[in-house]
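A.B. asks: Sequence:
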Amino acid sequence: MLSGFVINSVTVCSRPDSPHRNQRELRELVRYRRSLIQERSREHNRVQEVLEGANIKLAAVVSDIMRVSSRDMMEAMIEGEEDPEKLAAFARRTLKKKKEELELGLRGNMSAHQRIMLRTMQTLIDFYKPMRKPQWIREI
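Counted from 1, the sequence shown has number 110 at position 110 by our numbering; the numbering is strictly sequential.
A hint or two may mislead.
Claimed, not checked - Taking lysine-lysine and the BS3-like style, the derived pairs with C-alpha atoms no more than 25 Å apart in a straight line are:
id : residue 1 : residue 2
1  : Lys86     : Lys98
2  : Lys99     : Lys129
3  : Lys57     : Lys86
4  : Lys97     : Lys129
5  : Lys96     : Lys86
6  : Lys99     : Lys86
Hint data in this document are derived by calculation from the structure and do not stem from the laboratory.
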């Protein structure tokens with residue numbers, strides 16, 4: 001009788017379609033997604049530190065250094081462009097109105113080491129980007 005009880009309780013607990021299991025798995029996925037988003041945010045902060053180390057004050061002019069215009073400017077910096085006027089030409093929409101401020105903020109001196117760091121950081125940020133709206137949400 002006792003062994004039958006143990007077998008039945010194990011069977012009940014290990015059912016693959018158990019709501020408790022589904023809930024546990026969903027929680028696990030959500031926690032993991034949250035940790036990836038937090039890591040992406042930390043990577044954004046690291047990008048900001050590298051830019052400040054190169055005396056580039058992009059964050060003083062733009063609201064988000066990871067938006068399209070800023071990313072294009074950083075991509076050009078990674079490729080070796082140093083002319084603030086050429087970098088400011090990547091501005092889009094409302095950022096175009098701040099062209100003079102951008103040129104002042106983009107005056108800096110980025111070393112090869114900082115370029116490598118930025119490239120690596122952008123690669124990681126791009127890797128984390130799909131976690132904002134993951135495919136598995138639709139699957140569950």
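A.B. asks: Are any of the numbered hints broken by this structure? If so, which, sorted upward?
C.D. replies: Going through the list in order, the structure violates hints 2 and 4 and respects the others.
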